[in-house]
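Using the sequences provided together with the hints, build the complete structure.
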Amino acid sequence: MIMVLARLFGRIARMCRQPAVIGEIVAGIALGPTLLDLLPHHVETYVFPSAVLPYLGILGQLGLVLFMFIVGLELDFSLIRGRQGAAGMISILSIVAPFALGALLTFDLYPLHNVVHGRAVPMVGLALFMGVAMSITAFPVLARILLERKMNRTPVGVLALSAAAVDDILAWTLLALVTAVLKGGSALSAVRTMALALTFAAGLVVVLKPLLARMINRHKRTGRITPDMLAVILAGLLLSAFITERIGIHEIFGAFLFGAIMPHKGAQALRRDILERLEQISVLLLLPIFFVTIGFGVNLRLFKDSGLLWQLLLILAVAVGGKFCGAFAGARIQRMSFQHSAAIAVLMNTRGLTELVILTVGQQVGVLDNSMFTMMVVMALITTVMTEPLLRRIYPDDAVQRDVDAAMKAAPATGQSYPVLVMVDDVLNALTARMIRVAEDALADRPAGGILLAQYLDAADDSTPLELGANAVLDIARMTDAAEALETFAAQTTATATPLRVLCRFGSPSARELERQIAASGAEVVVLSEDWMRSHPAAYGALDEVTIKVVG
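Numbered according to this note's numbering, the sequence shown spans residues 5 to 556.
Careful: at least some of the hints might be erroneous.
To be verified - Think about it this way: if two alpha-carbon atoms lie no more than 27 Å apart in a straight line, the pair counts; the simulated DSS-like pairs of lysine-lysine are:
1. Lys154 / Lys269
2. Lys269 / Lys224
3. Lys224 / Lys213
4. Lys269 / Lys213
Just so you know, these hints were derived from the structure itself, not from any lab. Here the structure is a predicted model, which means the values were calculated and not measured.
Written as structure tokens, this is what we have:
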């Protein structure tokens, strides 16, 4: 029943242009006291007998650990490279503002939620936790929205993804600190816990990361992820989760750290294989069970109390306002336009499943009572659901396409033109150097200008999109690697002394896209190889107005 309802609600969510996970969370809530308790003859006791609930909790925690490993796996530091300043500013302000407002809000809410399961909650602990809970951004959901809107090809999308990556690092670090304080009890115990956690993290980076990097070559030799490789990964992430739990923070941090140290550079195929294997069991069974265990603690009928409704409105105002204002201010400081700043601020408000992870930690360490947990879950759902329609209003499709076209322009601000366009193959070799020499010869008959090296990469197969792992993250990481390789080749080649500029794009170039590229760069000559000509027959409609030079 859990699996069927999760898939059904997930499909309904996608029909409404929402992430499937939103529908699955709603299904989990529906199977809790919100709806199931309303049915006659105590149906809930037959569907979820009390003897079964602990085992569902164990399976749900396993799903949570796998999800956090995936979050760490998708965190690619190459996405931040070259954008540290802008991404850092946006991320820091989008954390500081909601954190401060969330902590201040606790002063009003604390008298109403200061006891959990008969135990007093420390004011400082609740304030710190509320600050962290308000600060999170759902990196996977944000990446999925960027992919579906094709914003991963715009500066706004890339910067938002970079800021979300920095946000993830900062937010999970803050949560680890807060958890250590809450579970440690004393300042000395919290310091000891964090020292052990930092030592463990350093050990993973220094010792284990180089060993895991060897998987890249093995994966390339076999062409697939073998059962032995997958067993090593699963054993490693579970052991890492166990160690951090024993240290005294939470098992999710171990899983996240293990995912973050997995090889990234040149490992996009390996990472996608890992995601494809893990999401089969995670999406179909374990995460839906986790949503049901969350649903047991959520009762929307509590909002019959008008007092709770006003508290929810305050929580929403702080969560949305703090995150939006912080991210917007950070983007404006980086001299981004009003529209682009607002679009990034809306994207950074996405919380999704990542927020539920934090709320679950809060419930387990005893700082959230049932009513506060319910309000925070509703806040997570509302802020995620509102992202897509609000983004379409602030940053409509025509504006996205305009920015995609602008990003395709090859000429920098100095007015440099690129009358010769070289369509580079997937592999950079001696043939590429010969094509550059042909381009230089063609340039000799024209006014001063440069040569543009354009490379089109096959994007991830959208016919089988990953529901947890976002194709956008893998694609952008691969684009970063390809662009670096192309720039290195352009800087080191001795085939020409002419200025070279590189450009990477995803997908097989269509005639329309190639027309845009030729118009943007002002190209009069297109140099391509025989292999490229055979591989992209659909693009020839754009080559009628330019001179074509084919290199064998």
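Hint by hint, here is what the structure shows:
{"no.": "1", "hint": "Lys154 / Lys269", "verdict": "holds (23 Å)"}
{"no.": "2", "hint": "Lys269 / Lys224", "verdict": "holds (13 Å)"}
{"no.": "3", "hint": "Lys224 / Lys213", "verdict": "holds (18 Å)"}
{"no.": "4", "hint": "Lys269 / Lys213", "verdict": "holds (12 Å)"}
In this structure, none of the earlier numbered hints is contradicted; all agree with it.
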